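J.: Sequence:
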Amino acid sequence: MVADLDDLTVITPQGRNLICLRVTCEWNAETDAFEPSWQFLDAAGQALTQKSQRATNLSNFFAYAPLFYLAALRDAADEFGSRSSMWAKLLKSIRIPSEIEGAVTATLDELDSQLLGADPKLAEIAATIGQATKIAIGEGVGDARLRMLPMNIWDLISRAGIVLKNEDARPWLPLDHHGQGLQSLSVIFLFQAAVFQQLAEEELPGTEPIFILEEPEAHLHPQAARTLWERVTELPGQKLVTTHSPYFVQNVPLHNLRLVRLRNGQTEVSHMPRSVPSTLVWNAGVAALAEHQGKMLVCDPTSNCVSATSWFDMELGDKLKGCYKAAADQAAIEAAIGDLRYRSRGLVTRQEEHELSFLGRRIRGEIFFARRWLLVEGQSEYVLLHAIGKALGYPLDRHGVAVIDFQNNGDADIYPALATSFGIPWLMITDGDPESTKFRGQLLKRGFTDQDLEGRFLTLPSPSDLEDCLLAKGHEHRLRALLAEATSQQALTCSYDQFVAQFKNNKVACISRLALQVETDAALASQMPAEFVAIIEELKGAAQ
3 MVADLDDLTV
13 ITPQGRNLIC
23 LRVTCEWNAE
33 TDAFEPSWQF
43 LDAAGQALTQ
53 KSQRATNLSN
63 FFAYAPLFYL
73 AALRDAADEF
83 GSRSSMWAKL
93 LKSIRIPSEI
103 EGAVTATLDE
113 LDSQLLGADP
123 KLAEIAATIG
133 QATKIAIGEG
143 VGDARLRMLP
153 MNIWDLISRA
163 GIVLKNEDAR
173 PWLPLDHHGQ
183 GLQSLSVIFL
193 FQAAVFQQLA
203 EEELPGTEPI
213 FILEEPEAHL
223 HPQAARTLWE
233 RVTELPGQKL
243 VTTHSPYFVQ
253 NVPLHNLRLV
263 RLRNGQTEVS
273 HMPRSVPSTL
283 VWNAGVAALA
293 EHQGKMLVCD
303 PTSNCVSATS
313 WFDMELGDKL
323 KGCYKAAADQ
333 AAIEAAIGDL
343 RYRSRGLVTR
353 QEEHELSFLG
363 RRIRGEIFFA
373 RRWLLVEGQS
383 EYVLLHAIGK
393 ALGYPLDRHG
403 VAVIDFQNNG
413 DADIYPALAT
423 SFGIPWLMIT
433 DGDPESTKFR
443 GQLLKRGFTD
453 QDLEGRFLTL
463 PSPSDLEDCL
473 LAKGHEHRLR
483 ALLAEATSQQ
493 ALTCSYDQFV
503 AQFKNNKVAC
513 ISRLALQVET
523 DAALASQMPA
533 EFVAIIEELK
543 GAAQ
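Residue numbering for the sequence shown follows this note's numbering, beginning at 3 and increasing consecutively.
There could be a bad hint or two in this list.
[Unchecked claim] List time: in silico BS3-like cross-link candidates among lysine-lysine, alpha-carbon distance up to 30 Å:
1. K297 / K241
2. K91 / K241
3. K321 / K447
4. K392 / K475
5. K321 / K440
6. K167 / K327
7. K321 / K297
8. K475 / K542
9. K475 / K447
10. K392 / K506
11. K392 / K542
12. K323 / K167
13. K475 / K506
14. K506 / K323
15. K447 / K297
16. K392 / K321
17. K167 / K123
18. K392 / K297
19. K440 / K297
20. K323 / K297
21. K94 / K167
22. K241 / K94
Think of the hints as simulated: they come from the structure by calculation, not from any bench.
Quantities reported herein were computed from a predicted structural model and do not represent experimental measurements.
Could you build all of it, start to finish, from the sequences and the hints given here?
T.: Structure representation (structure tokens):
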């Protein structure tokens, strides 16, 4: 490999061989089109202009990094046809032993004779067509006969097709008689088989394939889309997958996600880094601390400095500071630790990602397709905000706003952290009770600052919760009726204190019914808690 790619290989300051290919696609106003270009780079990221223009080098490079692409529009009829590069190549790779080939040919001839003898009309048809040989110029008298079956083993193999059945009790059917989901999935597995065959034939040591799959979940039901991730991970090498399926995304590790957006005419790609670097020099004290803290701190081999692999609190920050007691400039050390802690607030711990894998599975995939996150405590706030938005002419789903009830899907600080890493604007509103102080404390502990929370962390009036605000707005009679509908008629006549207790014990049932009324009544929507209405109006104004 090194010999083949010598012209493209540069040496890094650390003494490693490096080959870097940069591909860009930019809009050209003169040609009115997107134009791609590519360049090989040196260790400093500058183009190797003379070497990079050699097509032979590009070919050599892709021999060791073969690129396999499968488009979103997958037509099973074409992909499994005789002209398909994948299917035809797989069939041509089949090798039949000569003794078996001879036996099969003899069997074909015998079956063909039996079919021809089954009806005299077949012989008559052959005799009529055979008259053509009397006209054609030749050395002797010609003849013609019908051939019902392929004449050789390749003709037989080339006509191979896929037949499937979903269950034992169902019939075998050709692939094109099945639904689009099964056809699309079959093409993906054909793609996998063809790639494996090609890699096996080339046998280049060090080869690392790159797979590009567009919308692999197309036409699949949610359960199939979820399990498809497991099959994608079984592919060797690097996988680049585009998707619009939240069921697929929810199974992808957070560090593997890349969000692609168009903002202000520019394409932006955001992701959660695996680590955040610092200028703090690695030493024995840091190594001992990192080992004890479960590798939350690691050594960057390039700079020999400390990098953080997850967020960390002030307690660990103080311990890290203790590893630099001998440093002359303690203020600089403290500032570097504070900066590292702040820039690491968007990272997650292994435990947090594990919890998100099941706590946030209901909404985790969906939220990464949203333009903005609105974080609320529970289901009551979730349904009420959606209803207010619909009533005031700003349906949240239509405008790409994901409402996340974080109490049911993780902690208060995890979603602002994810939003920070992935560049998603967020807003949180909580009750005005002591829980709001706890939530704010979780965010500050993670590394967010008061300035970060200004205008983003909102609360209902203290010490009120959502139920208190609704009662303060004069909705007691309406809420009693809704509570009676949800529980019993006693809610209409019981004392106020009894009603309030029952209402808070059944708030989801009551407020979900209230939301049905709110979403069709703009006047009623405007009478909901002022903080909720203000949020919707602010989002609506920003959109306009």
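J.: What are the numbers of the hints the structure violates, in ascending order?
T.: 6, 9, 12, 14, 16, 17, 18
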